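One letter stands for each residue in the lines below.
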Amino acid sequence: MELGIYVHIPFCVKKCTYCNFYSEVKPNLINDYVLSLVKEIKRESEKYKNFQITTIFIGGGTPSILQAGSVSLIVNAIKKFYNVAPNAEITIEANPNSISYTNATEWFNCGINRVSVGVQTTSNRLLKLIGRAHTFNDFLLAINNLKKVGFKNINADVMIGLPRQKQGDVKRTLNYCFKLGLTHISAYTLILEENTPLFKMVENGEVKLPKEEKVLGMFNYVLKQTKLNGFSRYEVSNFAKPGFECVHNKNCWNMVNYVGFGCSAHSFVENKRFNNISNIETYISNISKNKSVQENVETLTSYELIEETIMLGLRTVEGIDLNKLIKNYNYDLLKEKEQQILELLNQGLIKVENNHLFATVNGFYVLNQIILNLVS
Amino acid sequence: MQNRLKHIRNFCIVAHIDHGKSTLADRLIELTGTLSKRELSAQVLDSMDIERERGITIKLTPTKMKYNFNGEEYELNLIDTPGHVDFTYEVSRSLAACEGAILIVDATQGVEAQTLANAYLAIDNNLEIVPVINKIDLPSADTETAKKEIEEIIGLDAQDAPCVSAKDGTNINQVLEQIITKIPAPVGDENAPLRALIFDSYYDNFKGAVCLVRIFDGKVKAGDKIKFFITGKEYDVTEVGVFEPKPVMQNELLAGDVGYICASIKNVSETKVGDTITNALNPTNNPLPGYKEVKPVVFSGIFCVDGADYDELKDALEKLKLNDASLEYEPEVSQALGFGFRCGFLGLLHMEIIQERLEREFDLDLITTAPSVCYKVHTTTGETLLVSNPADLPKPQEIDYMEEPITRVNIFTPPQYVGNLMELAQEKRGEHKDLQYLDKNRCQLVYDIPLNEIIYDFFDKLKSCSRGYASLDYEILGYKESDLVKVDILLNGEVCDALSMIVHKDRAYYKSRSIVEKLKEVIPRQLFEIPIQAAIGSKVIARETVKALRKDVLAKCYGGDISRKRKLLEKQKKGKKRMRKIGSVEIPSEAFMSILKID
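Chains as they are written, first to last, in the working numbering: chain A, 978 to 1353; chain B, 3 to 601.
Among the hints, erroneous ones may be present.
Beyond 10 Å from chain A on every Cβ pair, some chain B residues (computed) [said to hold, decoys possible]:
hint, residue
1, ALA310
2, GLU330
3, ASN391
Derived lysine to aspartate or glutamate pairs resembling EDC-like cross-links, with alpha carbons at most 16 Å apart [what the hints assert, rightly or not]:
hint, chain 1, residue 1, chain 2, residue 2
4, B, LYS583, A, GLU1320
5, A, LYS1249, B, ASP139
6, B, LYS567, B, GLU546
7, B, LYS442, B, ASP139
8, B, LYS558, A, GLU1212
9, B, LYS321, B, GLU332
10, B, LYS567, A, GLU1281
11, B, LYS569, A, GLU1320
12, B, LYS569, A, GLU1170
13, B, LYS323, B, ASP206
14, A, LYS992, A, GLU1170
15, B, LYS169, B, ASP139
16, A, LYS1143, A, GLU1212
17, B, LYS235, B, GLU272
18, B, LYS567, A, GLU1170
19, B, LYS549, A, GLU1170
20, A, LYS1191, B, ASP563
21, B, LYS558, A, GLU1320
22, A, LYS1249, A, GLU1275
These aren't lab readings, by the way, just hints derived from the structure by calculation. Quantities reported herein were computed from a predicted structural model and do not represent experimental measurements. For each residue, glycine too, the CB sits at the ideal point set by N, CA and C.
So that you can see chain B by itself, here it is in the shape it has in the complex (with noise of 0.2 Å):
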C-alpha cells in the first residue's frame, strides 16, 4: 500500500505570463504518451479562447500522466494552476494539493513579478520547487543568469536545474526524471477518515457541479455519503475519476490521488474552494486548513446597449455564474442606463475576462461603468458601510470619514526605467516602500497603492513607461483612512449616476477636468446647449459646454436620388437608438466607455 503512493507524485507548474507553462505541460502530456500530438491540438489545457489568445490560463485542469522511470511506472498529477493575480487564491489551493512545483523561468527574460511570487506561494505551501529554465532554443536565452537570477532572487538552487525547450521538446525527460526524484511521494492514510480538499469545480450539464479534488486521507466512491465542512451540505456520490485529461471513471479515489467527485449537486457556488470534504457517517474531526472566503476586489456595472437585451445579459450571467463562483453579480437600475447588474470580479483580468466572454459567446453589445473598489463609509452615526457603487454613497455630510484598499505593488524592471515607474507609481497616490538593485539587470521596486487607482490603466502605463520591460504583482494589504470625494456629472443640469465616481479629494480637480473635456468630444451636438459639469456635492469644479447644433441639412438630392437620403436617414437612426437619454440629452454608448480610459 505504501508502495501505491511511492509512485504518486503531484505537482503544478507555477510561471510569470507566457514563460511557457502551457507549452511544457503539453510536451509533459505528450511525452508521457497520455496524449498524442495528434489529440493535443495546441494547448489542450487552455480550453477558453480568450485565455489561449492572451497566452494565459485561468482554468484549472488536472492531468494524469504514467510514466516508466528506473523500471517503475510512476503516475504523475499536474494540476494546472492560473497565473495571474487575480486568482491567487485559486492558485494557493491548487498549490496546497501538490507536494512539489515546477518554476519555470524563460531564459531569455529570467526571474519576473509573478515567478517571485508564485514561487513564495509555493514556498509558502512547503512545496518541494523544481526550477526549470525554458526558450533555450531562442537566440538570446541565457540559461547561465536565469539560473543565477533564481539563486539570488528566490533563493533556490538551480545548479543542476533542466534547460528545456518546451516548443521544440528538448530535454522534456530532464523534467520527467526530477519530477519523480525531488518532488516527494504523496502521505496519508487510506483507511482514515476522507479528506479531500476542492481546488476547483466546474459545472457539467449532465453530472452537476464537478469537485476537482485531492484525496489527502480516506478514500471515496461511487454511492457514499459526503459532507462538506464550509456549506455542511450533504450528498451522495454518484461518480469518482480522474482526468486524462478527459474524465475517467473510476471504482475508487484513495489517499494521495488527485481526481473527480460529482454528487448532484446543482451549483458551483456549493462547491467552495478550499472546502474539505468528509464522509457524512464516518467524519474527520480536521479540515484541511488554509480556507478562504473569495471576495470580489472590482466591481463594475454591465448594461446592454440595446435595453431590450436585458434577459439575454441575465441568462448570460446566470450561465457563467454556472462556472464561476467568484463573479458576484445582483440587479442594478441606473437612470441613464436603464436596467443592468452590478457585478464584482476578483481583479481587473477577471473583469475583462467576463466583459468579453458576455459579448464573444453571448453576442451582447455591453456598457460597462467605470471600475469601482470596495469603500469603507464610517458615517456620522457610527455604523459601517461597504460602497462599491458610486451611487450608493451617502451624502457628505452623513460621512464621518472613509477607509480605501490599499495593495502592495511588487514591480520588476530593468533599471533604466526606474525613474519611470516610481513617479507613475507617486502619481498613482503610491507610498515609496522599497527599491532593491537585485542585479545590473533588475531592480525591484515596493510601493502600496490605493487600488482604486491600479483598477482604470496602471498596468498599461507600467507597461509603456518601461516599454513593456517592467512586470507587476500586487496583493491587498487592507483598508486605510482617505480623503475622498464623490464626483457627479451633470449634464444639462441633471446628474447622470452612471457616471459618477469616487475619486482622491487631491486628484477629484484634474479627473473633473479630463472627463469633461472628454465627453464635450464624445457628445454630439444637439438642438439646444449642453453644459457638462462636474460637481462635488452641488461646487462645480469643471464645466465644459456642447454649443447647440446650428445646421443639419441635406442641401440637395441629386437627380431624385431619395435612397441616398434614405441611408444617411437610417445611419442616423441607429445612431440614435444605441444614445442613452438623460434628461433630454441623448448621450452615446461610446460615451460612457471612454471615461473609462481617461486617467
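The following block holds chain A by itself, in its conformation from the complex (with noise of 0.2 Å):
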C-alpha cells in the first residue's frame, strides 16, 4: 500500500505575522529534536513494514535552518527503516535565506528532488511588513543556488492579500518565478488568523488588508498569468508545470495514507486520523522515554469518510470521483443531494462531467460554501 511520510520541523528563526501554525524560536532544543524525529522514525516503523513510501515532505516551521547534516540524518532514518520507492517525490521545505550552495548540496545528495521555497513575494516592504527574514536578494541567491546543485523541480510559495499589496507586487513576483524556471507555483490567498501578531495589528488599525475585490483582481491575476506561462492550476492554491504536481499533496486530497513524524504532526493511516503532540520539550521527553506522542486518534466513520472524500476531492480541478463514493461507500452524491446540486450548477460553480463533480473557477473562491451544501 502507498504511504506518504511528513517530517515536520516546528523551528523559525523568527515567527512571521501572519503565522498560527506550530513553530517555536528555540535553537537549543534544535539537536536534542532531530535526534528524537529519527528514533520516532525508527520506533514507527515496525507498524508500516506493508507499506511503500511514495513521497516524503519535510515541512515546518523552517527545515532548512537545520544544522548541517540533520536533513541528511532524516532522509537516510526513513530510507533505512523504510520501503521508499525508487522514484519516490522527497521535498524539503525552505526559506530564501537559509538555502546555501551547502544546503543544497547535502538535500540534492541525500535524495531529495524537490524544493519548496517560501518566496512569499518579492517585494522587500513587503516581507519586513510581515516579518519575514529574508529579502529579494536572499530569493536569488537561494534559486541560483538550487539549479546549480542541480534542482529541477522547485516551488515558490507566494502570496496574494498581504497588507498593502498592490496587483504590480503579483505581478513582479511571478515574473521572476517565470523567468527563474520554477516549476511549481502555490499561491495562498491571506488568511487573516486570530491570535497572530498581524491579526492585533489589522484590529488595531496599523495596518490595513487589501479589500476583497483587490484580493479577487489579483487572484484572477494569477490564474491568468500562471496559464500564459504554461502553468496548470490543479488545486485551489496549485499551478504547475505538466508533470510538475505536488504528489504528496495530491494524495493528501484524495485520501492516500500518509504519516507524520516530529511535533504537532498530522497523520491518516487506514480511516484513522491522529496528531503528534505539539510541545517540544513533552515531545521530546516522551521519545527518550519511549512513551507515546500521539493523540486525538480518532477513526472515522463511512459517513464522515464521505464528507472528506467531497471536502477534500473538491480542492482538485479533477473533483469527486462519484463513481469512487458509490464503490467505496455506497453513497450516490447526485441522487443524495440533488436539490443542492441543481442549484450550484444553476449558479455556476460547479460541473458535473465524466462521473466527476467539480468545482469551476467561480466555484473555487466559495469552495467552503460548496462543500457545506454538499455535506449538510
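Could you use the hints to bring the two separately framed chains together as a complex?
Structure representation (C-alpha cells):
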C-alpha cells in the first residue's frame, strides 16, 4: 500500500506575523529534537512494514535552518527503516535565506528532489511588513544555488492579499518565478488568523488588508498569468508545469495514507486521523522515555469518510470521483444532494462531467460554501 | 364564635418592586415561629428561580401564622401578592380576600409608581392600610421624607408607621402589633350558604387543580358538593386545608378563613381567579363581586430553533398552562419559522417569564417573534375583527379603519429627568395628560400611550433616560382609532411572514429603515445577492442589499492538518442548521431576535 511520510520541523528563526502554525524559536532544542525525530521514525517503522513510501515531505516551521547533516540524517533514517520507492518524491520546505550552496548540496545528495521555497513576495517592503527573515536578493541567490546543485523541481510559495499589497507586487513576483524557470507555484490568499501579531495589527488599524475585490483581482491575475506561462491549476492554490504537480499534496486530497513524524505532525492511516503532541520539550522527553507522542486519535465513520472525500476532492480540478464514492461507500452523491447540486449547477459554481463533480473557476472562490451545501 | 373571628387577621403586603416585600414576609414568618430561620432558606414565598433572580414575586402563596398579643393568640393570614402591573387583576383578587394591607415604602427611595398603584388598588378594595417604612438600616435611609411622601402623595396618615429593617429584623414586632390593632377582623356568617373567593390556584400532580380561597360565609369540608359560579361546574371536595406555608389538611374551613380546597379538578383553567365557590346543595344567590375574565394583551409567536423540538415545545407549554391559566396559546404555522405557537400574555413581564421558563426549565432554544398587541380591525363590509398576528391582517383595501389599545402610563421621576421622559413619551406617540411636582424630589407624569409602543423597549428606555430613577405603571384604558399599516419584510423578493409588523403610519418609514439595516448586518452573505426590502402593500419604503459572497475558501491545509478543516466545516454546518430558509435565502435565527431590539 502507498504511504506518504510527513516530517515536521517546528523551528523558525523568527515567527512571521501572519502565522499561527506550530513552530518555535528555540535553537538550543534543535539537536535534541532531530535525534528524537530519528528515534520516532525508527520506532514507528514496524507499523508500516507493508507500505511503500511514495512521497516524503519535510515541512515546517523552517526545515532549512537545521544544522548541516541533520536533513540527511532524517532522510537516510527513513530510507533505512522504510520501503521507499526508487522514484519517490522527496520535498523539503526552505526559506530563501537558508538555502546556501552547502545546504542545497546536502539535500540533493541525500535524495531530496523537490524544494518548496517560501518566497511569498519579491517586495522587500512587504516582506518586512509580514515579518519574513529574507529579502528579494536572498531569493535570487537561493534559486541560483538550487539550480547549480541540480534541482529541477522547484516550487515558490507566494502570498496574495498581504497588507498594502498591490497588483504590481504580484506581477513582479510572478514574473521572477517564470523567468527563473520554476516548475510549481503555490499561490495562497492570506487568511487572517486570530492570535497572530498581524491579526492584532489589523484590529488596531495599524495596517489595512486589501479589499476583497482587490484580492480577487490579484488572484484572477495569478490565474491568467500562470496559464499564459504554461502552468495548470490542479488544486485551489496550486499551479504546476506538466508533470510537476506535488504528489504528496495530491495524495493528501485523494485520501492516500500518510504518517507524520515530529511535533504536531498529522497523520491519516487506514481511516484513522491522529496527530503528535505539539510541545517540543514534551515530545523530546516522551520519545526518550519511549512513551507515545500521539493524541486525538479518531477513527472516521463511513459518513465522515464520505464528507472528507467530498471536502478534499473538491479542492482538486478533477473534483470528486462519483463512481468511487458509490463503490467505496455506496453513496450516490447526485441522488442524495440532487436539489443542492442543481442549485450549484445553476449558479455556475460546479460542473458534473465524466462521473466527476468539480468546482468551476468561480466555484473555487467559494469552495467552503459548495462543500457545506454538499455535506449538510 | 364571634370570638373566633376576632382573633383572625387577613392581610397582604403591597409595595413597589424591590422595596422589600418578600424580605418582610420572611421576617414575619420567622418571628411568629411559623418556620425557623433554617427552614426559611431565604425567601420562601418566591419559589420560582426567575422571580428570585429578579427580586419580584409572581405567584401568590398564602401563609398562616400564629402570634401572641396581650396574652391572646391571633391567627394571621398573609396573602402574598405579585408586585407587577401585568398581574394587576390577580393582585386585586388577593386584596379582595383581605381586610387590610401593609404598604411598604423603601426609606431610601420613597413612594414609587407601583407604591401608588398598589396603594390605590388596596384603597379601592376598602382595605385598611398599614404603612411601613423599610430599609432603615441603609445609610441613605430618610424615614421622615418617606413618611411625608406617604402623607402627601397617597394621603395616608403615616406618623406612627413602624420604621423597620426587614433585612436585619429591626422593629418587626411593631408591624405584627399594628396588623392586629389596625386591621379589622373578618366578618362573616359560618351558618350562611358557602361563599368562597378563589384568589389563586395551582396544579398539583396528585391533587389536581388546588383552589386558594378566602371563605366569606359558610363552611366547607371534605365530601361537600361544591359549585363554581362562573363555570357552573360541580365537584366533590376531596380535601381542605391551610398553608403553614406547606399545605396542612384541616377538617373544615369556616367563614373568615384562608386556605385551600381540592376537588379533583383537572385543570387550572376551570378554577378562575375571582370566581365564587358555593355549596351545590345549599347555594347562595349572591356571588362575590369583582369577577373579571382575564385576557392577554401581548402576543408573540414562539418557535423552536430546531424544528424537531416542536413536540417538546408543545409539551412544555401544556405543562406551564397547567399552572398558569392566563397563558394562552394556539398552533401557528409560519412559512419562515415552521410550526410553533401564537401565545398570549398578560403583559411583557409575563411574556418574558414564560419565554425564560421554556428555555430554562425545558431546555428549548426558541425564536420569538416581535410582540404584538390585539388590534380591532373594522372591515369595509362592516365586520370587526380582533387581530393580534400581523399575518392575519386583511388586505389594505378591505380595511375601513383600525383601533389600537391605549394605556394610561404613570411615571414617577426626580424632576431633572422630566425633559428626557417627556421626549421619550412624545416619541412613543404619547398624549400628555398631566404633570405634577409632588415635592421637590419627585414628579408625576401622566401620558396616554399606545400599548404597541410600550411593548418593545419602553421600560428600558425609561430607565436609561432617567439613570434608572424613573418608575412606571400602566393600565389599559381602551381602544382608539389609529392610522396603522402593516409593514412586510421581503428577502430576495419573498415576504418573510415572521418579520411582518403593524405600526403607526408615521413611524413606518423610520422603523422599516432600522429593520432593513439591522437585517443587513445579521444576514450573512450568500452565493447570490439578497435584496432586503420593507414594503407597505406593494410600495417599497426601505431597501438594503446583502452583497453576494465572493470568496470563502481555505487557502491551505497546513501539513495535512485535515482536522482543522473539519472543525471549520463542523462549525459551518452547525451554523447552517440554525438557519431558516425563506425561498433560497438562509437567515440565522438570531436575525429574528435582533429586530426585537430595534426601536
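To see whether the hints hold, each was checked on the structure:
1. Look at B:ALA310: its CB is around 15 Å from the nearest CB on chain A, clear of 10 Å, so calling it non-interface holds up.
2. With a minimum CB-CB distance of about 37 Å to chain A, B:GLU330 clears the 10 Å threshold, and the non-interface call stands.
3. For B:ASN391, the shortest C-beta to C-beta distance to chain A comes to about 31 Å, beyond the 10 Å cut-off, and the non-interface label holds.
4. Our distance criterion of 16 Å between C-alpha atoms is met by B:LYS583 and A:GLU1320, whose separation comes to about 14 Å.
5. Under the criterion of a C-alpha separation no larger than 16 Å, the hint pairing A:LYS1249 with B:ASP139 is inconsistent with the structure, at around 68 Å.
6. The hinted pair formed by B:LYS567 and B:GLU546 fails the criterion: a straight-line CA distance of about 33 Å is larger than 16 Å.
7. Taking the CA atoms of B:LYS442 and B:ASP139, the gap is near 24 Å; set against the 16 Å cutoff, the hint is violated.
8. Using a Cα cut-off of 16 Å, the hinted pair B:LYS558 and A:GLU1212 holds, with the two alpha carbons roughly 10 Å apart.
9. Using a Cα cut-off of 16 Å, the hinted pair B:LYS321 and B:GLU332 holds, with the two alpha carbons roughly 14 Å apart.
10. Distance restraint check for B:LYS567 and A:GLU1281: the Cα-Cα separation of roughly 13 Å lies within the 16 Å cut-off, and the hinted pair is therefore satisfied.
11. The hinted pair formed by B:LYS569 and A:GLU1320 fails the criterion: a straight-line CA distance of about 25 Å is larger than 16 Å.
12. Taking the CA atoms of B:LYS569 and A:GLU1170, the gap is near 15 Å; set against the 16 Å cutoff, the hint holds.
13. Between the alpha carbons of B:LYS323 and B:ASP206 the distance comes to roughly 13 Å, so the proposed pair stays at or under 16 Å and holds.
14. At most 16 Å may separate the alpha-carbon atoms for a hinted pair to count; A:LYS992 and A:GLU1170 meet this at roughly 14 Å.
15. Under the criterion of a C-alpha separation no larger than 16 Å, the hint pairing B:LYS169 with B:ASP139 is consistent with the structure, at around 8 Å.
16. Between A:LYS1143 and A:GLU1212, the direct Cα distance comes to roughly 24 Å. Violation of the 16 Å bound is thereby established for this hinted pair.
17. Of the pairs offered as hints, the one joining B:LYS235 and B:GLU272 holds, with about 8 Å between alpha carbons and a cut-off of 16 Å not exceeded.
18. Only pairs whose Cα atoms come within 16 Å are accepted, and B:LYS567 paired with A:GLU1170 is accepted, the gap being roughly 13 Å.
19. Distance check on the hinted pair: B:LYS549 and A:GLU1170 sit about 24 Å apart at the alpha-carbon level, beyond 16 Å; violated.
20. A C-alpha spacing of about 29 Å is found between A:LYS1191 and B:ASP563, which places the hinted pair above 16 Å, so the restraint is violated.
21. A distance of roughly 27 Å separates the Cα atoms of B:LYS558 and A:GLU1320; the hinted pair therefore is violated under the 16 Å criterion.
22. For the given pair, A:LYS1249 sits about 6 Å from A:GLU1275 by alpha-carbon distance, which is consistent with the 16 Å threshold.
Consistency with the previously given hints fails for numbers 5, 6, 7, 11, 16, 19, 20 and 21, ordered from lowest to highest.
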